[in-house]
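Student: Single-letter residue listing:
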Amino acid sequence: MDTRKQKQSDGQSASSVRDRTSAALPQGEDRDTLISYYHQMLLIRRFEEKTGEMYTRARIGGYCHLNLGEEATVVGFCAGLEPEDYVYTNYREHGYAIGRGIPPKAVMAELFGKETGVSRGRGGSMHLFDLERHFMGGYAIVGGQLPLATGAGFAIAYRGSSEIVACQMGDGTTNAGTFHESLNLARIYNLPVVYFVVNNLYGMGLRVEQGSAVSELYRKACAYNMQSWRVDGNDVLAVRDAVRKAAELARDQHEPSLLEAVSYRFRGHSVVDPDRYRDKEEVQHGRDEDPVRAFASRLLAAGVLDEQTLQEIDAQVQREVDEAVKFADESPDPSVEQFMQGLEEYVYAPDTPERKGN
Amino acid sequence: MMAEITYRQALHDTLREELLRDENVLLVGEEIGVFEGSYKITAGLLKEFGPKRVVDTPIVENGFVGMATGAAMLGLRPIVEIMTINFIVLAMDQIVNHAAKIYSMFGGQCPIPLVIRTPGGGGQQLAATHSQNLEVWFAHVPGLKVVAPSSPADAKGLLRTSVRDNNPVIFLENLALYNIKGGVPDGDYMVPIGKAQVTKEGSDLTVISYSRMSAVALDVARRMEEENKLSIEVVDLRSLRPLDYETILNSVRKTNRVIVFEEDWRSYGVGAEIAALIQEYAFDDLDAPIKRVASLEVPLPYSKPLELATLTGAKQLVESINEIAPRRRRSQS
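Here the protein sequences line up with chains A and B, keeping their order. Read the first sequence against the working numbering and you will find it ends at 358, with the numbers running on by one and no gaps. Read the second sequence against the working numbering and you will find it ends at 691, with the numbers running on by one and no gaps.
No wet-lab data here; the hints were simulated from the structure. Predicted model only: the values in this text are computed from it and were never measured. Every residue gets a Cβ at the ideal spot worked out from N, C-alpha and C, and that includes glycine.
Taking beta-carbon pairs under 10 angstroms as the criterion, some of the chain B residues facing chain A (in silico):
(1) K410
(2) G421
(3) A430
(4) I460
Using the sequences provided together with the hints, build the complete structure.
Tutor: Next up, the structure:
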C-alpha cells in the first residue's frame, strides 16, 4: 500500500474554548473577511433560533434540523470553497445554503412552503436547492447525497473543468454503504470531491463510538487510500483552512479526500427532539464552547472588532432575519390550481431542448 | 431500408450511434468494458470509444447508479447497465429516492437525463435470485419512465428516445429476447415513450402484453388465427409508465374481451393495473371478465420441471384464450 497517502493528522488538539478565545489571529487575515465570517456565523445562529421559533408556532412543517452550535463548521466550510464549486449536503443544511449565498429570505420562504422558496415550496427544510449557486441539494436519506456528489465530481473530471465538489454529511453517515461505495469510486476514478464529515458526536441519539467501530472518523479514509484530516469544528479559520487544503488537492490533482470537523449540536436532533439521551453537563459544556461567542471574543481581543461594531452587526443580523420572516410570511403559497392542471410538468422535465449542462 | 438483425445487435448499434452523436453520452456499468458485457451488448465499444466513454465500475449498484445520477445533474447523459434486474434492488434508494425525485422535489431546476438498461426474465435455470421481473416496482413511481421493447425495431427506437429524454428511464430488456431477429429501420428511427402499438389487428379478443410476453403473444395469435380462425388483437404496451390509455381502451371497445399476459407475478402486477383501468373507463364494453395470465407466485425454483411449471408462457395463454374467446370460436382441444 502507498503509505504516502496516509498522512492523517489530529488537528483537534488545540481546542479548549479558552485557547480559541485568546488565540492570536493568524498573520495576514483580512479584517473585512474576518468580520464577514462573524456576520455569517451570527446570521446562521439567529436564523436558526428564529426557525425553531417559527416551527413551534406551526409556520414550518415536517422535520426541521438546525445548525445551532455548528456555525463555525458551516461558515468555515463555505469559506474554503470557490463560488463555482458544487455543494451537496444532508438535511441539516439551512446554514450551508445561507453560507453559499442563498438569500435568507429564500431559505425561510422554503421552510414556510412558499412559491418564492429556493425550491419553490416543493422541498422544504430538508431539500433546499439552488442550481444557479451550485447548491446541489439538501438530501434527507442518510448517505443519499454521497453517490450524487461523486457523480458531480465525475462530470467535472469528464469535462476537464476546474470546479470541485464538496459533500457534507453527518457522523452517522460514515457507517452507511454509500459512504464506502462513494469514497472507493472517487478514489479509483480520481474525482475532485471533498467529503466533509460533521461529527457532532451523535447520530440522532446514538453516540459515535456506539455506532462506529472507529470513532476517529477521518481514519476510515485509509481503506480507500485517501488523505484525511480531523479539524476543530468550533474554529472557523481552522475549518476554512482545512477545506481549502482539501479543495486544492481536489482541484489541482483530482484527488479526493476526507475531512472530519468535530462539532456539537446545541439542541436535539430535530426541533421536536427533547434531547433526553445526552448528559446535561455535556450539553452545558457544549454550549459553553459556543463557537460564535468564542470568535467574537477572539476578534475583540485582536482588535478587529470593538463593542460598537459587534452591536451594529447584531442589529443588522436581526434585521436580515426579520426581513426573511416577513418575506416568507407575505409570499404566496404555490397555486393548487396550477399544480393540479400541470401534474405532468411537475413530475417530468420537458423533452426539448436537450439540456447541455451548466 | 430494413436490416434483419438481433435484439442484441439493435441495442449495441444504437448505443454506438448515440455515443457517436453526443459527447455527453457515456456508458456506465459492471463488466461492460474489458469483459464486453455479461450479455455482450457493449462488445467492442471500449475499444472504439475508450475508458472515458465506456466506464467499468466495481460491484456497487447503488453507488454507480447514484454516481450516474449525479453526473446527469451536471448535464451528462449516462446510460447505465445493470447486469440483471435482480441487482437493481441494491440501487433502489438512488433510483426511487433520488433520480425519480430530484427534478420535482427541487422545484424543477435540475433534469436527470439518465437511462438504466437492465434485462429481466426467467427460464434459464438461474433460480430465485436471478430470474425476476421487477418492472412494476418502477412503473409505480412518479418521476420514472419505464419502457419494455419486445422487438429489435422497438429496442432501437425506444433506446434512442430514452437516451434523448431528459428524465430517468428504466429500459427493460429480457434475457430470452437478446437472440430474436427482426427488421430494424435504418437511420434516426425513434419510438415515442408512452405509446403502445397494436402489433396485430383482430376482432375476437385482445391480448395486452409487453416485453418478451408480447412477442410470445404475437406468435400465439398468429398461430390461433391460422388454426382456429380466431381473430386476436395484440397490444404491445412498449411503455409501462406512462401508460397509453387510449390504445388500450380503443382495443377493448373493439373486441370486448381482454387478457393481460405478463411474465411477472400476478398480484399487484401490470395486469391488475390494466384491469382496473379498463373497468373504470370501459366497463360497459366488456363481454367477459378480464383475465390475467402471469407466473406462479413463488420464488422461481432451479429444477427444470419446476421452473417450467412456474413460468407462464404460450400454453397458459392459449388456455386462457380458449376460456374467454366467443364460444363459437373456441378451440376443441
